[in-house]
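Chain residues, written in single-letter form:
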Amino acid sequence: MFSLNPALILILGALPALLLKGPLRAVYILLLPVLSFLQLYTLPAGSRAEFEILGMLLTTLHLDKLSFVFAVIFHIAAFLLILYSLHTRDRLQQMVTLIYAGCAIGAVLAGDLITLFIYFEAAALSSVFLIWSRRTPASYAAGMRYLIVQVISGLLLLTGIILHARSSGSIEFTQMDPGTPGGALIFLAFGIKCAFPLLHNWLVDAYPQATVTGTVVLSAFTTKMAVYALATAFAGTEILIWIGLMMTAFPIFYAVIENDLRRVLTYSMINQLGFMVVGVGIGTELALNGTAAHAFAHILYKALLFMSMGAVLLRTGRINGSDLGGLYKSMPYTAGFCIIGAASISAFPLFSGFVTKSMIMEAVALEGYTLAWLVLLFASAGVFHHSGIKIPYFAFFAHDSGIRCKEAPASMLCAMALAAVLCIYIGVFPQTLYALLPHEIGYQPYTMTHVTTQLQLLFFSALAFTWLVRQGLYPPELRSVNLDADWFYRKPGRWLVEHAMRSIVTGEQRMGVWIKRLSFSAGTRLHRHHGPQGLLAKTWPTGSMVLWVAFLLGVYLIFYYVY
Amino acid sequence: MNLLLQHLELALLIPLLGGALVLLFRNRPRLREASSLFAGILLFLYVTQLLGLYHEPSPVHTLLNISASLSIAFHLEPLGLVFALLASGLWVFTTMYSIGYMSGNSEKNLTRFYLFFSVSIAATMGIAFAANLFTLFIFYEALTLSTYPLVTHKQTSEARSGGRVYLGLLLGTSIMFFLTALVITWIRAGTLDFMPEGVLEGNTQGLAAVLLFTLFMLGIGKAALLPFYRWLPAAMIAPTPVSALLHAVAVVKAGVFSVLKISVYTFGIDYLATQEASGWILWLAVATMVVASIIALSKDNLKARLAYSTISQLSYIVIGAALAWPAAALGGALHIVTHAFGKITLFFCAGAIYTVTKYTRVSQLNGLGHKMPFTFAAFLLAAFSVIGLPPFIGSWSKWLLIEGSVDTQHYVVLFAFALSTLLNCAYLLPIGLRAFFKPPDPAQAVTSPGIQEAPLACLIPLCATAAATLLLFFYIQPLYDFLYPVFNS
Amino acid sequence: MNRKKHRYWLDSPANVRKLVYGLYSLCAALMLLDFFYHKHANFPFENWFGFFAWFGFIACVALVLLAKQMRKLVKRDEDYYGDV
Numbered sequence: 124m125f126s127l128n129p130a131l132i133l134i135l136g137a138l139p140a141l142l143l144k145g146p147l148r149a150v151y152i153l154l155l156p157v158l159s160f161l162q163l164y165t166l167p168a169g170s171r172a173e174f175e176i177l178g179m180l181l182t183t184l185h186l187d188k189l190s191f192v193f194a195v196i197f198h199i200a201a202f203l204l205i206l207y208s209l210h211t212r213d214r215l216q217q218m219v220t221l222i223y224a225g226c227a228i229g230a231v232l233a234g235d236l237i238t239l240f241i242y243f244e245a246a247a248l249s250s251v252f253l254i255w256s257r258r259t260p261a262s263y264a265a266g267m268r269y270l271i272v273q274v275i276s277g278l279l280l281l282t283g284i285i286l287h288a289r290s291s292g293s294i295e296f297t298q299m300d301p302g303t304p305g306g307a308l309i310f311l312a313f314g315i316k317c318a319f320p321l322l323h324n325w326l327v328d329a330y331p332q333a334t335v336t337g338t339v340v341l342s343a344f345t346t347k348m349a350v351y352a353l354a355t356a357f358a359g360t361e362i363l364i365w366i367g368l369m370m371t372a373f374p375i376f377y378a379v380i381e382n383d384l385r386r387v388l389t390y391s392m393i394n395q396l397g398f399m400v401v402g403v404g405i406g407t408e409l410a411l412n413g414t415a416a417h418a419f420a421h422i423l424y425k426a427l428l429f430m431s432m433g434a435v436l437l438r439t440g441r442i443n444g445s446d447l448g449g450l451y452k453s454m455p456y457t458a459g460f461c462i463i464g465a466a467s468i469s470a471f472p473l474f475s476g477f478v479t480k481s482m483i484m485e486a487v488a489l490e491g492y493t494l495a496w497l498v499l500l501f502a503s504a505g506v507f508h509h510s511g512i513k514i515p516y517f518a519f520f521a522h523d524s525g526i527r528c529k530e531a532p533a534s535m536l537c538a539m540a541l542a543a544v545l546c547i548y549i550g551v552f553p554q555t556l557y558a559l560l561p562h563e564i565g566y567q568p569y570t571m572t573h574v575t576t577q578l579q580l581l582f583f584s585a586l587a588f589t590w591l592v593r594q595g596l597y598p599p600e601l602r603s604v605n606l607d608a609d610w611f612y613r614k615p616g617r618w619l620v621e622h623a624m625r626s627i628v629t630g631e632q633r634m635g636v637w638i639k640r641l642s643f644s645a646g647t648r649l650h651r652h653h654g655p656q657g658l659l660a661k662t663w664p665t666g667s668m669v670l671w672v673a674f675l676l677g678v679y680l681i682f683y684y685v686y
Numbered sequence: 092m093n094l095l096l097q098h099l100e101l102a103l104l105i106p107l108l109g110g111a112l113v114l115l116f117r118n119r120p121r122l123r124e125a126s127s128l129f130a131g132i133l134l135f136l137y138v139t140q141l142l143g144l145y146h147e148p149s150p151v152h153t154l155l156n157i158s159a160s161l162s163i164a165f166h167l168e169p170l171g172l173v174f175a176l177l178a179s180g181l182w183v184f185t186t187m188y189s190i191g192y193m194s195g196n197s198e199k200n201l202t203r204f205y206l207f208f209s210v211s212i213a214a215t216m217g218i219a220f221a222a223n224l225f226t227l228f229i230f231y232e233a234l235t236l237s238t239y240p241l242v243t244h245k246q247t248s249e250a251r252s253g254g255r256v257y258l259g260l261l262l263g264t265s266i267m268f269f270l271t272a273l274v275i276t277w278i279r280a281g282t283l284d285f286m287p288e289g290v291l292e293g294n295t296q297g298l299a300a301v302l303l304f305t306l307f308m309l310g311i312g313k314a315a316l317l318p319f320y321r322w323l324p325a326a327m328i329a330p331t332p333v334s335a336l337l338h339a340v341a342v343v344k345a346g347v348f349s350v351l352k353i354s355v356y357t358f359g360i361d362y363l364a365t366q367e368a369s370g371w372i373l374w375l376a377v378a379t380m381v382v383a384s385i386i387a388l389s390k391d392n393l394k395a396r397l398a399y400s401t402i403s404q405l406s407y408i409v410i411g412a413a414l415a416w417p418a419a420a421l422g423g424a425l426h427i428v429t430h431a432f433g434k435i436t437l438f439f440c441a442g443a444i445y446t447v448t449k450y451t452r453v454s455q456l457n458g459l460g461h462k463m464p465f466t467f468a469a470f471l472l473a474a475f476s477v478i479g480l481p482p483f484i485g486s487w488s489k490w491l492l493i494e495g496s497v498d499t500q501h502y503v504v505l506f507a508f509a510l511s512t513l514l515n516c517a518y519l520l521p522i523g524l525r526a527f528f529k530p531p532d533p534a535q536a537v538t539s540p541g542i543q544e545a546p547l548a549c550l551i552p553l554c555a556t557a558a559a560t561l562l563l564f565f566y567i568q569p570l571y572d573f574l575y576p577v578f579n580s
Numbered sequence: 028m029n030r031k032k033h034r035y036w037l038d039s040p041a042n043v044r045k046l047v048y049g050l051y052s053l054c055a056a057l058m059l060l061d062f063f064y065h066k067h068a069n070f071p072f073e074n075w076f077g078f079f080a081w082f083g084f085i086a087c088v089a090l091v092l093l094a095k096q097m098r099k100l101v102k103r104d105e106d107y108y109g110d111v
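Residue numbers (our numbering), protein chains in the order written: chain A, 124 to 686; chain B, 92 to 580; chain C, 28 to 111.
Hints should not be assumed to be uniformly reliable.
A short, non-exhaustive set of chain A residues, derived as facing chain C with CB atoms under 7 Å [what the hints assert, rightly or not]: (1) 258; (2) 504; (3) 574; (4) 578; (5) 584; (6) 604; (7) 605.
Covered by chain A, according to a simulated footprint, are these stretches of chain C (three or more residues, beta-carbon under 8 Å) [said to hold, decoys possible]: (8) 39-45; (9) 49-56; (10) 59-72; (11) 86-95.
No lab work stands behind these hints, which were simulated from the structure alone.
None of these values were measured; they are calculated from a predicted model.
A virtual CB, placed ideally from N, CA and C, is assigned to each residue, including glycine.
From just these sequences and the hints, can you work out the full model?
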């Protein structure tokens with residue numbers, strides 16, 4: 124049976140989007156994710172599509188329950204992001220948004236490693252334009268670094284796939300052993316995309332440099348594709364628990380002192396990814412459900428937060444905490460949506476984060492990882508602190524910066540409103556989301572214990588913030604760069620590479636002089652006949668040209684008749 | 092139809108005929124250019140016919156017997172057919188393009204230009220269909236000589252000096268090393284014919300095999316290995332269509348085609364592997380690949396940067412042969428095709444930029460993308476392909492090459508491929524990106540109304556080849572199937 | 028214009044103080060709630076009185092004060108990498 128891959132609708136449909144104009148174009152690009160979603164929805168469970176290339180049979184479409192959840196949320200995200208980007212005249216950005224979303228969907232629907240690799244790479248390639256489109260020197264350089272890191276991840280994945288295929292004889296994308304050389308490389312490749320500690324810098328470096336809409340778009344896909352890939356290939360790998368814990372814990376310290384509010388959000392993104400990675404590491408049905416559900420909710424509230432910050436950046440041209448404040452007066456709706464996003468990421472009861480994160484926490488507790496659970500609890504308090512309070516507080520409240528601007532454009536407000544509604548809907552009616560999850564479990568988030576303890580945690584965190592601010596102990600927002608792991612490649616690494624290259628270039632020049640001298644003496648001899656003054660390259664009298672061709676033809680004919 | 096198969100010399104005759112027509116119509120530019128285009132299309136059709144008729148390697152078709160074991164002879168086999176198809180197909184595009192380019196830059200001596208272009212293609216066809224080493228050698232030299240007037244086309248002192256390096260290195264290496272290797276092979280094997288399993292099995296062992304292979308590879312200067320690659324940047328003095336077809340496709344690919352042909356049909360992949368005959372050359376090619384990429388990064392002149400990029404990419408193919416492993420060699424053969432599409436597009440774009448703006452340096456391109464969106468978009472697509480990113484055609488050949496290096500456990504080679512990929516990104520992408528994403532330099536006249544998209548005759552070929560880099564990604568399978576038997580007998 | 032003169036509810040320090048006191052009383056109420064229901068705990072320490080409350084408070088204070096110290100180590104000038 125022929126089943127059209129929904130990803131192709133978005134990818135191929137994106138190309139005409141570059142040509143259309145005006146309202147027709149807006150309708151068209153909004154319709155694409157809807158069409159694609161309908162195609163996904165009508166695909167029967169277990170649909171497959173195959174394609175043979177280079178002697179390998181690719182499974183370009185393989186629909187299972189886990190891929191279905193991710194495909195659904197990617198579609199919702201694509202629609203919201205397109206809606207959010209309608210204000211911009213930059214058609215390139217909208218086109219790559221569609222292609223990027225299509226690649227993300229293609230990746231989670233991929234049944235084999237090679238298809239996955241192709242979609243991963245295509246996603247990297249399309250997404251980088253969202254960074255470059257900001258057209259500043261900083262974003263240009265950051266985009267380049269981003270692409271290089273993605274290509275490195277791609278090369279690791281490629282090598283891993285080849286090794287894995289050699290040892291296992293299959294390219295099917297399924298559970299793998301990270302202990303084999305192939306498995307280890309694939310694990311590392313996913314790790315880069317998922318922003319494992321020390322491999323995370325591309326994220327923090329590049330995302331805040333993207334355009335207003337670009338950062339929102341970027342936040343939705345790449346890392347969640349990686350979470351999906353980890354959940355498919357490495358569920359239950361214990362080391363992921365410890366990696367995930369580090370991811371939840373270290374970024375919150377940076378988030379506290381970071382000034383660029385979109386960068387604060389990227390640090391908090393790593394923290395949230397950490398929860399998902401821990402869930403994959405635990406690997407029980409509850410944990411994997413938790414991971415999928417948390418990814419689902421996370422995409423929505425993270426997009427909502429990035430959208431509100433994008434609106435601020437669009438209207439004020441600033442994004443540093445030190446420059447902002449008091450914006451609730453000018454942008455009340457945006458402020459309201461931002462607070463909803465903040466409440467969701469902080470996992471307040473009745474908001475989406477509450478019903479998803481708790482599954483992961485519960486799974487960790489059930490497996491008896493006491494330390495891990497405590498770290499996650501600390502991280503939960505921390506995330507409320509910087510995403511839940513710091514972001515809305517420094518942008519919209521704090522001291523009045525005196526900036527008065529317009530409220531965000533209508534299309535942006537619509538997108539934010541929709542995202543906000545979804546955040547609350549999931550929080551209030553969690554069973555709708557649970558029904559989509561890969562495993563059947565009877566999980567109930569709203570228990571007295573759970574609600575009370577969560578409220579205690581959150582309100583006493585808020586109390587701590589209030590107390591610190593009123594005591595003047597809270598670190599002020601400062602214009603600065605905070606060193607992170609990227610220092611290693613941006614300072615000493617760069618110095619090393621530059622020096623190595625310089626010496627190679629000088630060496631080559633020296634060799635060139637020597638070779639040239641050698642070839643010149645040979646060339647000069649030949650030159651007498653062939654040079655511009657020679658027989659072969661004068662501004663020829665045409666007669667001699669005729670002679671030459673006649674000669675060649677003659678030679679040819681002699682050959683021919685002799686034979 | 093069998094007539095076509097029996098008269099392979101038609102492949103030489105058609106371009107020569109085109110050359111004759113060019114001469115005939117030397118005073119009527121329209122007809123002169125039309126006849127060049129006509130010959131291109133005719134040749135392409137002829138080669139596609141051959142492809143359609145091809146079933147198995149044809150019997151050798153001798154033109155001239157010099158002695159019992161020395162002859163000028165042609166035969167049909169997949170590798171040569173693919174190369175001929177590639178060169179003839181891209182010739183059509185290049186002819187269209189050069190019509191736009193040469194008139195746009197008001198170049199002179201066009202009759203000479205088109206004539207030698209045709210002769211070069213004839214020589215390339217001779218290489219593609221050569222049935223033995225001697226024939227290959229003869230046409231290899233003929234190609235060098237017939238491209239020389241194209242390199243020195245501008246007749247400036249700079250062009251002359253470039254031409255001297257070009258001729259000196261190519262002829263010098265071929266006579267010193269290639270010819271020597273050829274004679275040794277003749278003495279050892281008693282034949283120069285290309286055979287499916289090679290001809291050296293049982294008569295050349297150990298160090299002798301290593302030396303012989305090394306001599307061959309150094310002798311094929313057109314494959315641009317360290318240290319004999321300087322001719323390629325020197326040849327960049329030529330008009331851009333020449334650089335595009337000859338120095339991105341025909342001449343350089345004739346070099347690596349010879350490398351593959353000799354590896355497969357004179358040595359045999361299995362023999363190469365058992366004798367470890369390609370060990371030295373493997374490391375030389377790896378070094379060339381990395382060094383040339385680094386040099387490319389340091390070049391601000393656009394065509395020079397592309398030339399060094401070509402040198403680096405040619406080494407991919409030599410590595411493919413030198414790994415002595417079917418998947419790798421097949422990857423090398425595919426790389427001839429995949430790289431050709433990417434690189435010819437890059438040169439077309441460089442030429443289009445030059446035609447419109449007269450800019451030759453990368454640093455001058457800031458902000459030009461808004462004036463020439465198609466040219467720079469095509470440039471970016473082709474750059475992605477050359478880097479080897481999916482979904483572009485260049486990724487398949489790179490895939491097979493990497494697979495080969497993993498299979499043979501040459502992890503250093505694997506690492507070098509990875510390093511080269513990153514360097515490719517670093518030197519190719521900024522060219523297209525700065526045009527779109529960096530603001531124009533106020534000191535330059537980028538914003539002047541005179542600067543607009545390139546003429547259609549330039550634009551159509553470059554868009555077509557750029558689109559091919561993307562579309563052929565999905566249609567690589569027939570090519571793969573066609574070449575597969577060559578390396579997996 | 029009118030907008031400049033307009034005073035928002037939050038502009039008045041008295042109102043801010045009201046909010047803060049609201050938070051204090053809410054916290055107190057939540058703490059006291061521990062007396063009135065049975066906790067379903069996975070770990071024994073969860074049953075300690077107000078565990079989540081003081082954990083949240085201490086965690087946040089520690090986080091901020093540690094991060095503040097971290098600045099001494101990692102804070103650099105905005106143009107440190109030379110690309111702004």
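Hint-by-hint comparison with the structure:
{"no.": "1", "hint": "258", "result": "14 Å, violated"}
{"no.": "2", "hint": "504", "result": "4 Å, holds"}
{"no.": "3", "hint": "574", "result": "10 Å, violated"}
{"no.": "4", "hint": "578", "result": "6 Å, holds"}
{"no.": "5", "hint": "584", "result": "4 Å, holds"}
{"no.": "6", "hint": "604", "result": "5 Å, holds"}
{"no.": "7", "hint": "605", "result": "5 Å, holds"}
{"no.": "8", "hint": "39-45", "result": "violated (count 0)"}
{"no.": "9", "hint": "49-56", "result": "holds (count 4)"}
{"no.": "10", "hint": "59-72", "result": "holds (count 9)"}
{"no.": "11", "hint": "86-95", "result": "holds (count 9)"}
In this structure, the hints that do not hold are numbers 1, 3 and 8, in rising order.
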